[in-house]
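With chain A held as given, fit chain B onto it using these hints.
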Amino acid sequence: MEITRDRAVWIYERMALIRVFEERVAQLFADGRIAGFVHLYAGEEAVAVGICTHLNDGDFITSTHRGHGHCIAKGVDPGEMMAELFGRLGGSCKGKGGSMHIADVSKGMLGANGIVGGGPPLAAGAALTAKVQGSGAVAVCFFGDGAAEQGTTHEAMNLAAIWKLPVVFVCENNQFAESTPVSYHCAATSIADRAASYNIPGVTVDGYDVVAVYEAAGEAIARARRGDGPSLLEAKTWRYFGHFEGDQITYRTAEQSAAYREHDPLTTFARQAQDRELLQKEDVDRIDADVKKKVEDAIEFAEASPQPAPEDALTDVYVAYR
Amino acid sequence: MAVKTLIEGVREALDEEMARDERVWVLGEDVGKKGGVFLATEGLYARYGEARVLDTPLAESAIVGVAVGSALNGLVPVAEIQFADFIHPAFDQIVSEAARVRYRSNGTWACPLVIRAPFGGGVHGGLYHSQSVEAFYAHVPGLKVVIPSTPEDAKGLLKSAVRDPDPVMFFEHKKTYRLIKGEIPEGEYLTPIGPAVVRREGSKLTCVAWGLMTHYCLEAAESVAGEGISAEVIDLRTLQPLDRETILRSVEKTARAMVVYEDNLTGGFGAEIAAVIAGEGFEHLDAPVTRVAGPDVPAMPFNRAQEEAFMPSPAKIADAMRKLATY
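Chains as they are written, first to last, in this note's numbering: chain A, 1 to 322; chain B, 1 to 327.
Since the hints were derived computationally from the structure, they do not count as laboratory data.
Please note: incorrect hints may appear among the correct ones.
[Said to hold, decoys possible] Just some of the chain A residues that point at chain B, by a computed CB distance under 8 Å:
#1 A35
#2 K96
#3 G114
#4 V116
#5 G146
#6 A147
#7 E178
#8 S179
#9 Y184
#10 T250
#11 Q307
#12 P308
#13 V317
[Unchecked claim] A few chain B residues that face chain A, going by a derived Cβ cut-off under 10 Å, partial list only:
#14 D85
#15 V123
#16 D296
#17 P298
[To be verified] Sample of chain B residues lacking proximity to chain A, with all beta carbon distances greater than 12 Å (derived):
#18 A2
#19 E97
#20 E183
#21 P185
#22 G194
#23 V197
#24 S203
#25 E222
#26 L242
#27 A278
#28 G281
#29 H284
Just so you know, even glycine gets a beta-carbon here, dropped at the ideal spot from N, CA and C.
So here's chain A without its partners, still in its complex pose (with noise of 0.2 Å):
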């Protein structure tokens, strides 16, 4: 699955574009602007980028509750993502939903999701429309380490499997549900492991290197095109952040977050692209460039954009018959 120039561009721009956001985001919560729980996906922007770049307005994903680099990754504007932390009108749920809740189902991110485990059967449901309608389309799970424990990940992977919805469950493996380790929570060695029993591929890979976690996705989502059946994929992945923006971080150090830092995907990925001439020097300087303007426009946007009306909180709980 070769990478072209042009999705070479998109994939480094995309990740910078993620982890600009989010950098900019936890300024802004510690500075007071942005209210509320906010957890940040900087880290693990190959995860979220290498699955969505096989991926097209008529898919669908679901989200977690770390989701701005899902909805980043799958198209959805940052200007109407930072409006929805800052509670404006203008954002993706009018200022209803923040952080946890933004959702765009004109690009097929069915939500981020503040109940772990929330997401895998709204996928599942997602790719049985879509088998259903025969459209062609697929969809792909975002969940976490902590969500492979909920009962719904089981479920849904298993009816997933007997109904071969094309659906691709990616978890990401961040390794703490939470402040719990995996190594605690989790019976199995590798999450992936659990695709045997539901007779489904499993495959883990390194959630830092965008070109296999990309690899390993055209796989899998090639195979929900041609109805084969759902896969479960994990990456193994780090957040540079805590678990919420005020975590203290007690339960890892940050000599563990310094060695990742040093396999950081962003700059993993421009380097590999440069090597094999992908990209040159001026586009990742230019793509860095662009990518914090979008950020600063996106704030622009979202600090212009009206409050919403109090009782505008009334509004959108049933449709309204005339």
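Relative to chain A, chain B alone:
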């Protein structure tokens, strides 16, 4: 007496009960080494070890189910659900299993289980971190439902809950954890499950509340006092079993009643209280029973102004008190 926060009351109760009775154990997501996301269990892991303070995988159904099983044959589990919004996967284990143990065993088995969960809004938690769930469980015979509003009660009621032979749902309003401070008596004491308490005496109307809303009602009562409206505020403390006597005695005196709760208006626990007052105190009433509650929308919105629009506030409660007093 020392002034402490509500969450300190929770922590002291757990600590004392674990020290008193080695059958008591704690389980939940991140409750061990981390001490819980709100630090309610901080220090317990170091003091009692991993055999009695168990971090669990992220699986609420199993957390509660395992707790029920261990309660059936000799242990006394205190399960923490990290946010009340996350409790729903455990609904079946609570309603179909825990609540029915005594009934289906002809009273021979007990299920001495406590499930603690922080609930409520006002902290910008948005759709999945703000919910009030008490009405779901107050509907189920076999469960007790307790909601403290002061540090003293948090400790005294939780100690009673641990010693109770039946399953107790113990909901703590997360905004009260550090906001509400008060004196905690020195030494051993228990606050009984069941009795409500009159937090403020009044003669013109009765205001029934629980959790954070108790404090908002007290603020509202204070603000209308200068207008000649004397509001009595009842802190329910236990929703199930409900202290009808205290409510009805108050209504007999004031002839006007309102219920304040943060949950959605329709089918919220305030509806049950309104029905009790209408059904058993009708002849004392000079006005219809009023409910001040959250609107009937699926979740607490994230936007600050909308969250404020959702939450009952001292100002909204005071307005309702004025209307009720002049009905």
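Checked hints:
1. A35: Holds, about 4 Å.
2. K96: holds, 4 Å
3. G114: holds, 3 Å
4. V116: holds, 5 Å
5. G146: This hint holds: G146(A) lies near chain B, its Cβ roughly 4 Å from the closest one there, short of 8 Å.
6. A147: Given a least distance of 7 Å, the restraint on A147(A) holds.
7. E178: Status holds, d = 5 Å.
8. S179: Holds: closest Cβ of chain B sits about 4 Å from S179(A), inside 8 Å.
9. Y184: For Y184(A), the interface hint holds, since the closest Cβ of chain B sits about 7 Å away, which is under 8 Å.
10. T250: Holds. Min distance 7 Å.
11. Q307: holds, 6 Å
12. P308: Hint holds; P308(A) Cβ to chain B Cβ min 5 Å, cut 8 Å.
13. V317: Constraint on V317(A) satisfied, holds at 5 Å.
14. D85: Holds, about 7 Å.
15. V123: It holds, given that the least Cβ distance between V123(B) and chain A is near 8 Å, below 10 Å.
16. D296: holds, 7 Å
17. P298: Status holds, d = 7 Å.
18. A2: Holds, since 26 Å exceeds 12 Å.
19. E97: Nearest chain A Cβ is 15 Å from E97(B), so the label holds.
20. E183: holds, 29 Å
21. P185: Per Cβ check, P185(B) is outside 12 Å of chain A; nearest 32 Å; holds.
22. G194: holds, 33 Å
23. V197: holds, 33 Å
24. S203: Its Cβ never comes within 12 Å of chain A, the nearest being 34 Å, so this holds.
25. E222: Per Cβ check, E222(B) is outside 12 Å of chain A; nearest 25 Å; holds.
26. L242: holds, 30 Å
27. A278: holds, 27 Å
28. G281: holds, 32 Å
29. H284: holds, 34 Å
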